[in-house]
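Enquirer: Listed below, chain by chain, are the residues.
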Amino acid sequence: MTNKADLRVVSRRLPKVDAGAIVKGAPHYTLDMVPAGALYAKVLRSPHAHARIKSIECDRAMDVPGVMLVLTHEDVPRVPFTTAGQNFPEPSPYDTVMLDNKVRLVGDRVAVVVATDELTAERGCKLLEVDYEVLPVVMDARDAIREGAPIIHDETDSQGIHDAGSNLAARVEVEVGDVEKGFSQADQVFEHTYSVHYVQHVTMEPHVCFSYLDSSNRLVIVTATQVPFHVRRIVARVNQVPISRIRVIKPRIGGGFGGKQEIILEDLCAHLTLRTGKPVVMELKRDEEFYCGRTRHPQYVTFKTGLTRDGTIIANEMRVMANTGAYGSHGLTVPSNTGSKSLPLYKSPNLRYVADVAYTNLPVAGAMRGYGAPQGYFGLESHMDEIAHSLGMDPLEFRRKNLVKQGDTDPIAAKLGEGKEGFERTIRTCGLDECIELASRAVPGSGDTPSGIPYDRKKRAVGFAVCMHGTGIPGDDMAGATIKVNEDGSFNLLIGATDLGTGSDTVLAQMAAEVLGVGLEDIIVYSSDTDSTPFDVGAYGSSTTYVSGTAVVQAAEKVRERLKEVALELMGDDAGDMGFDHGFFVSSSGRRIHVKEAALKSFYGEDKQQIAESASFMTVDCPPPFCACFVEVEIDLDTGRVRVIDIASAVDLGRAINPTLAEGQIVGSVAMGIGYALSEEMTFSDSGKMLNASLMDYKVPASVDLPDIKAFLVETDEPSGPFGVKSVGEICVDNVAPAIANAIYNATGVRLRQLPFTPERVLNALKEAGV
Amino acid sequence: MKHFRQFVVAGTVDEAIGLRKTVGAKSLYIAGGTTVVPMARESVEVLIDISHLGLDGISDQDGSISIGATTRLSSLLSPDIKAAVPMLFEALSHCATPLIRNMATLGGSLAGIYLPSDAGVALLALGAELELRGDEERVVTVDDLLAGGWLGGYELIRNVRIPKIGKGQGWGFSKFGRSDIDIALVNVGAVASVTDGSRISELRLAIGQSSSRPVLLTDLAEGTATEAISHDVIRRLADSASERVKVKSDFRASAAYRKHLVSVLAARSILAAAREAGARFED
Amino acid sequence: MPLHERQVPDLKIKISVNDRAFDVEISAGETLLDLLRRLGFKSVKHGCDTGNCGACTVLLDGRPVASCLILAPQVDGSTILTVEGLAICGKQLHPVQEAFIETGAPQCGFCTPGMIMTAVSLLSENPDPTRDEIRHGIAGNICRCSGYVKVVDAIESAAKKLCDRDAGHDE
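Protein chains in written order, with the working numbering: chain A, 57 to 827; chain B, 48 to 330; chain C, 2 to 172.
A few of these clues could be false.
[To be verified] Below 25 Å or equal to it, Euclidean Cα-Cα: the simulated DMTMM-like pairs (lysine to aspartate or glutamate) are:
1) B:Lys306 with A:Glu690
2) B:Lys129 with B:Asp279
3) A:Lys657 with A:Asp633
4) C:Lys43 with A:Glu690
5) A:Lys360 with A:Glu174
6) A:Lys823 with B:Asp279
7) A:Lys766 with C:Glu126
8) B:Lys214 with B:Glu202
9) A:Lys80 with C:Asp11
Just so you know, the hints here were simulated from the structure itself, not pulled from any lab data.
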């Protein structure tokens, strides 16, 4: 822990290191760097949600001038893998191959056409003649596991599927104490089921990558990814080439939110470069993003809670039925996280979590900001509100009575890890009380605006929800950092960590600068290049500031120690007990030598040397950040339209390395949460085709749809985190939807248990309730 | 990159029509391009640019405003239009986004009236007339053109003439989308005449909704012409309007919800129009 | 009129991009977005290609437009400004750019060039906008990272900078 007043670079609102390049429109995104003459690869995508490919006639496509190559499942290696970019061995089932003889969703890969340009590749795709045997489709997780449902993964070579014959991709079951006994001892038991829908990340930059062979015949993949090292490993395996032959580079990327923790293009793009020897570019167009990008798992979430007469929870059971879509990417771990992130928020001696994860013929679910927690919290925080109202208790008092507190242990954490057993966890810091205080004061409620017009009636009310999240994946997340000294006292900071627009390059550089006693401008950051930066699992799990940050701090401390030796030498005998004061090594006699002077001397003094140090850090801890969200909504009772008119989110993030960037994470998460609650919804035809696959009909919040979202930082100085950090990247998306649901209830008395609260759905509920 | 093969800039109206006749169904007029370009219908190979025919500009005549078909929507969001045709101004200020309004033209948003055009519904309520050129010139109201199946094969819109709202008349326009930037699930334009500050003597109600073409109802007020204005009267007018609109279900909304919205928005537009026309009544 | 069998670059147009004159061959179906990227102006982004996201916003004769909705042949004779041409004399950042940096508006940055161009136009038409007017002005530019708060902050702050700068010129 560091005294905040003593900090010079950390805790400061400094501009992002890439901000200048961004505002000048620098060509620093993947598609801006494609080499001239690169071939364009276009995938023919399935129009059917479930079908067997009987034959593909390629001759007419091959005859198109400019078409260089057409590949089908008969032409490529069949290596089952998961597109999920996770640690090896991935906990997701290996149920995907590069090209298959079966399609399992609308938009699945059928064949690929490589041509001199995009239009020609598209033309080639149109001329492929595919004979499909169309199979029955299943779209709902509950239907998928019924007997007689069409079997989606009937192939024999997939691995790690829980029960393919029942369409069960994964199953989770853990228990603490004895829940049934708890229910039998309870004075009252409440049970409610909630359902959450299909949504997508909608990064402004669609998935894109290109690959080429360098002069040493090594395969270089430049890709918009959150997980460059996992890309390297998975592409190597699928294409049966050694890892050493592959270099993956992540340039600046236009947003990730979990959607780019996936290998959606790189396996095939790399294959095409290996096949042709030529640079090849692949991208998803916006409609393809919707059809075959990743999504947030739809779930049915049931809570059953037993309480004593005074409102103390003594048993809490959570049952989840999740839909992973056509493939099981993150299929085990996201639903695990639904329980492990939400259940620990309220103390109970008896806890049980059960999740079934089903395959369907709809888009593939995966990692998306919150990683299962938004689904769990919509259920939990709606359920807790319902219980409080039923008990006649104030919802805040009821929560305060049962909330986890500083010093408590989290028994679920030990049982439910990343697809396996987890690690013990004690809550060392918890600033939730202050979060509640700040957010509630910021949204006092503006009161109803009564109108006597019987067809223009509006209601307003405030609602709230709280949540906790995690920081990194214990036992899994590992990051490396290398710092190299330059003659002028600048430092190269080499990190595998992946900045997806979050600003991690900046906050990691701020930490290095703080430790080394120099300015942010003295740190030259280079990240996410598998050849020249150390390993990092990538940007996911709210881990980067904490895990990669610890590695950076440790590497910087090692470099400082080495420079101190140089300074000691320079000072000679009078050094004594050397201190460090903002860039100056200070001897006991008060003599001061600056880091920059030591740096120069390290190269040109008597003992010439290149000082460079590396460190790596694996976390076994996962300190939870906490968050309170208060929201005021206005409901148009005659159209059902819900509008957020005021909202505040306050988060205990441990410590903000850069408050401006932390606020950006909070406000962005809340905006995404509002979209999740009110307007964003992927809708499907009866045959499984998405009907609103455009930004015209998939309603991402625009500037005019949102109020000025208020963000508050609560700092608790987490002892296990570098400079006291926990995390902030995901948590604030978790509790927005239930806060809105609770506000709608407070305004109308109508409880909505199904997301999203679109005008039509809200109006129907109001009518049913006679409002 | 779109698949279009040829782009011809027409120099005169006659040339544009001649080209369209020669090439036939493979061709399409293009002005702003905001519909033609993203839709890029596969059957269309030749685009005939009609944005250099001098068909843009606004002129204020006695009793009406004349707007050239290729006038951009953003040019219509002016104080002059706000004063002269406030309903059109209101409709356009909630139409699409600034980026699209800077390219899209008034003629273009009418030619694509099968979409729930905000401008189209406002002009329908206002009784606007269109000057068309095909083989010959004709002048038709938006209403008559809708009744006749819309534009002929190679007809183009030259000009739109909008009568100004008279004394004792008022207007109201409401739009409903799933969010603030949306095509209208339903939009309703109303022009009402109020007599003695207490009765709606005439009502023109244009109703657009995203499942079929807009309609104009002009006889609604006949049944209530002798009744003093009240919320109850307005609701009955709106309900009977809603009953007469044909709606379908699609992924954006169910038919039942659309009908409900028509009724609510019609009531809100009628109320605004009646108030604007000087109706006095208690809330 | 003979029809081409395939798309060919058979048209020539003259345009000015960021004060540089271009005489370019184009094909009928090339969008302004494609053309600008081909000419090296990579700040103009493919976000949706249907005019719904604003990542491809440029100023066409001073007005912000979605360049994915415009065909290159439509802009013959026009003047185009992209964010690459915004810096004064190619060096000093425009006050809107400065304000975006200072307020921390850009996160992933993919929407930023388009957002900045819309903001520049907005402020030239309305030098002292309210927050609400700013929100309406940028309604066609989707940002998925920021929730727009810092973007609106940046445009507010840029308005002040521009106002101060103009006042300075008057002295």
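Enquirer: Does each hint hold? Answer for all of them.
Expert: Status of each hint after checking the structure:
1. B:Lys306 with A:Glu690: holds, 23 Å
2. B:Lys129 with B:Asp279: This hinted pair is violated, its Cα atoms lying about 31 Å apart.
3. A:Lys657 with A:Asp633: Between Lys657 (chain A) and Asp633 (chain A) the Cα gap is close to 21 Å, so the pair holds against 25 Å.
4. C:Lys43 with A:Glu690: Violated, because 42 Å separates the two Cα atoms, which is more than 25 Å.
5. A:Lys360 with A:Glu174: violated, 54 Å
6. A:Lys823 with B:Asp279: Satisfied, since the Cα-Cα distance of roughly 20 Å is no more than 25 Å.
7. A:Lys766 with C:Glu126: Roughly 29 Å between the alpha carbons, so the hint for Lys766 (chain A) and Glu126 (chain C) is violated.
8. B:Lys214 with B:Glu202: Distance of about 35 Å is beyond 25 Å: violated.
9. A:Lys80 with C:Asp11: violated, 33 Å
In the structure shown, a violation is registered for the earlier hints numbered 2, 4, 5, 7, 8 and 9, in ascending order.
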